[in-house]
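**Q** The listed protein sequences derive, respectively, from chains A and B. To convert, note that position 5 of the first sequence is 58 in our numbering; the numbers rise steadily by one, no gaps. To convert, note that position 448 of the second sequence is 465 in our numbering; the numbers rise steadily by one, no gaps.
Bear in mind the hints are in silico, worked out from the structure with no lab data behind them. The structure displayed is predicted, hence computed values, not measured ones. Don't take each hint at face value.
Partner residues aside, some chain B positions facing chain A, computed with beta carbon under 10 Å [as the list claims (entries may be wrong)]:
1. L86
2. E94
3. A445
Restricting the straight-line Cα-Cα distance to at most 30 Å, the calculated cross-link-like pairs of lysine-lysine (BS3-like) are [as the list claims (entries may be wrong)]:
4. K146(B) / K144(A)
5. K73(B) / K144(A)
6. K252(A) / K346(B)
Just so you know, even glycine gets a beta-carbon here, dropped at the ideal spot from N, CA and C.
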Amino acid sequence: MIPLLLFMAAHSAAAQAAAVPLIPVPVAFLEALAPRDTTSSERFRRDYENAITTARSATAGRLAKCGYELQTSTLFYDAGDPIQAREGAEKSAKAGSWLIVGPRRSNHYLLLAQGAAQVPTVSLMASAKEVEELGPLHLSLSPSNSVMAKVAAATAARSARRHTYFTVVNEDCVSCVDFAASFDVFAAKHNLRKLGEIKVIGDLPETDFVRTEVERLKPGVVVVPNYSKSSARVMAALDGVQPNPLFVGSDGWGDSKYGFVQNGENLDSAVGLTVRGLPPVEEGMKSFALGRQIAKEKRGEGAAPWSGPGLAILRLIDTTADLLCQKRPRSPAEFSEVYRASGRKVYSAPWGVSVYRLRKGVLTFSGMEKAGS
Amino acid sequence: MIERSSRHLTLRQLVFLSWLVPGTLVVFASMIAFFAAGWMDYRSATGRIQDDLFSKSRVVSRRLSAELLLGSSGAAEPVARTLEGELGLAKIDVFAGEPSCARGPRAVEVCWEQKDGSLTVFRRMELVKDLHYVAVSQRVTSYVQSLKPSLFLWSALPVLVLLGIGLLFQRRLLDRFLIQPISSLVDTSVHAKDLPSEWPSEIRDISQRLTQTFEDRDQAIFGRVAGGVIHDIKTLLHSVLNAGELVRELPADSPKRAVRLEGLLKATSINVPKMLNIIELTLDGTREIPIRKKGSDLLQTVRSAIEVNEHLAKGRGVGLLLEADLPTKLAHDPIQLERALTNLIRNGVEAFDALVDEPCTRERLVRVRATQSGSERIALWVEDSGPGLPYGTDRAFRLLRSTKVHGSGLGLFVTRKIIEGHGGRIEARKSEDLHGAAFLIELPAGEGVIV
């Protein structure tokens, strides 16, 4: 009898819920793809969209009970045309998006925030200090470069045989320049002495002069805080340099699934470490309820996310669902207020700083440190 | 003597000229074609560069706009340098304000200008807060630089080569089938040789007609000369025959027979030399007359010629007059020159035979004058007050043109040969004061002239 009564009560609630129209919550996802790397980009895109789909279906029931329905839209644009991030954000803002999930790169995210200044936005991985300065409506799931550079400097100081370093940084990458500057601050505290710096441009920078300088200066550490393609090119150009330096990267090297450092050409002898705002997927899924639920229920390729960004999307949507159900905003303006008040607390740096080691062309998770530690 | 005037063009020159105008036009046209093709190629290349720059400027504008929108965090300058290499551009610039080509009543989104060997496209950076333009430049070759030798090879050179081949081919063709046949036309026609089979049919026809004409003319000349000579000799022979008949009419013992015998001798002594003279003239007309010059008294030669004709002139009531400006000694053949003058004087005397039936209105006079004609020539005039030359002065020396009652027409022909053999010239005119015929002989003074 009691189960029957319970069933009837639940059915009645669902029927009631079904009878009340759900408040649509449009969430726009904007991400850059590199058109020249079609295979890798296509896999990333599928994984990204799968993550959204998985997260939506996993949170649909919960949101429906709260009276919401998540409506997602996805826009992939050319990474070589970053202004599309701004244009996409303007379009999404005009279309009435409550939340815009922005691109990983700090450059692109800053432009996106310009295009949707009054709409809550969040980046999956942007870490430049300029992102922190955007204000409470524009956040990132990643720890800041300052936090990550602190961990990187400490780890490099422990790992390097010689306490000197040389920096090769992409001048056209805001986050890369920011990380390098932060590293300089914390490296000094760990008695790491800077020998020099070279600024490069683009994904395929000129590297002849880099090798010449590194061979001349013989640093113990070479800091390469750039995106994965550029970092892999620089490290490959220094293949065979003696003594072999320790490479240190920021959150741009990619992971074992996406990027150019993992299994890169001429990187078998490269030894390095990188810091990221995302742990390995398996580790990350364990840290929140929805992640644990999905990891437990759905196995296999294409079901659960297999990359860091996918993990971040899962966490993001889960967090958004919680925020909606807790604060019950009825309109975009109300959501903006809620976001402004609580966003930094619920969205920022859920996983701290993860350290990965590069050895024989393979990136391996080494450990995690909490943000701010 | 056939004279070639320097004013007249040869056939080869005419053929060349016939090609000169069209050839010049072809060369001119091919050069125009070359420059026009070069211009089109230049415009096409410039247009392609312009189109390329238009599309690249859009990429550059958006990329640099992103950097400028990031403010101090942006890296516009290094990104611009990288894009120059990636897009193959000579220069990328960003500047505030409007370029000169963009100024106008309405805001211009994109414009271009070409100067100093570069083509530059300016594009407005729409999203950047203040008015900014991005300028992308590419080097362009000038029109002159775009005139590639290969273009000349493909446009003008084939035309010129074809023209040259055509000229060469035509020249050889004309030379073989026109110029050479024409050059040898007279010779072939005169000697009645076999015509080469390769000659064009028109020239073969002309040659055959010429051969026939020459043969007919030879026949006609022979006939007229023979007729004239035979007639003259026949007339003279009849005089001798008649005198002989008159002797035979009388018996041998007749006292009048001696008188008639005397008449026969006289007729013989007068007419036989004449017959010999006619024969001599005829022979002279067909052969070269040897001129043996020696320094002789010209006036004496003239006087001798006058004396020979005195009897003839007296019989006709014609006066002979000699006017000599000065005595001269001249290198000449006295015998031949005397023959020539004798002939002219005799013609002048015998010209009055045409007036035998007309009343005598003026004095019958034949005048010979010898004057110095400049420093290098001696002029001899033989003039008469007779009826003049009916055929006109230009035809006086044509063979067999004679007005004499008795005459074969060889006289003036042989006279001219003698004068020309001396290196001189003879000319027929009308006498200004005597109103009859006048013959002017000019002889070169040469060596041996003593004034």
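**Q** Work down the list of hints and note, for each, if the structure agrees.
**A** Hint by hint, here is what the structure shows:
At its closest, the beta carbon of L86(B) sits 6 Å from a beta carbon of chain A; the interface hint therefore holds under the 10 Å criterion. Given hint, E94(B) at the interface with chain A, holds; its Cβ is 9 Å from that chain's nearest Cβ, closer than 10 Å. The interface hint given for A445(B) is broken, as the beta carbon of that residue sits about 105 Å from the closest beta carbon of chain A, more than 10 Å. Taking the CA atoms of K146(B) and K144(A), the gap is about 19 Å. The hint holds against a cut of 30 Å.
Our distance criterion of 30 Å between C-alpha atoms is met by K73(B) and K144(A), whose separation comes to about 25 Å. Our distance criterion of 30 Å between C-alpha atoms is broken by K252(A) and K346(B), whose separation comes to about 117 Å.
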